[in-house]
Every structure is written in C-alpha cells, then in structure tokens.
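*Asks:* Sequence:
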Amino acid sequence: MAKKKLKAHHIERTWCKGCGICVHFCPKQVLALDEHNIAYPADPEACICCRMCEYRCPDLAIEVECQET
Numbered sequence: 001m002a003k004k005k006l007k008a009h010h011i012e013r014t015w016c017k018g019c020g021i022c023v024h025f026c027p028k029q030v031l032a033l034d035e036h037n038i039a040y041p042a043d044p045e046a047c048i049c050c051r052m053c054e055y056r057c058p059d060l061a062i063e064v065e066c067q068e069t
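In terms of full-length UniProt numbering, the numbers along the sequence shown are unbroken and rise by one, the last being 69.
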C-alpha cells in the first residue's frame, strides 16, 4: 500500500463551531483552534492523512485532501 501525504486541509470556517473534537482526536496534534475558536492546521507537515478530524467533525467542516507518495 502506498503512503499518503497531505495535499491540503479544507476547513469551512462558517460551518466550524469550535467544538475542538478535531483537535482532540488528531493523533499528531496538527489542528488547533484560533482566537475565534475556528479550527486551522497549526502543523500541517505533521499530518499523516488518517482523516480522523474529517471523520469526527460533527459539522462536516473539514476535508482532508491527500496524495499518494
């Protein structure tokens, strides 16, 4: 199986309610909440494309785009 690498995090800021679920479930602490409690990729290079943030977001505000390496 080919390894995957992050291409982009797509976060719909108007849908994010700042619950922090994505931050909590990310195994690599890639995401954080900004001063408005909106999720953003604080350390995108650490992303392993597990998509836990995308799967756990109750508002469907996150899409993780990966590419095979």
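Some hints here could point you the wrong way.
To be verified - Calculated cross-link-like contacts (lysine to aspartate or glutamate; reagent style DMTMM-like; alpha-carbon spacing at most 20 Å): (1) Lys7 - Glu63; (2) Lys4 - Glu45; (3) Lys3 - Glu65; (4) Lys17 - Glu45; (5) Lys5 - Asp59.
Calculated directly from the structure, the hints in this document are not laboratory data.
Just so we're clear, the structure is a prediction, and the values are computed from it rather than from any experiment.
*Asks:* Taking the hints in turn, state whether each one holds.
*Replies:* Hint-by-hint comparison with the structure:
no., hint, result
1, Lys7 - Glu63, "holds, 11 Å"
2, Lys4 - Glu45, "holds, 12 Å"
3, Lys3 - Glu65, "holds, 13 Å"
4, Lys17 - Glu45, "violated, 24 Å"
5, Lys5 - Asp59, "violated, 24 Å"
Violation of the numbered hints given earlier is confined to hints 4 and 5; the remaining hints are satisfied by the structure.
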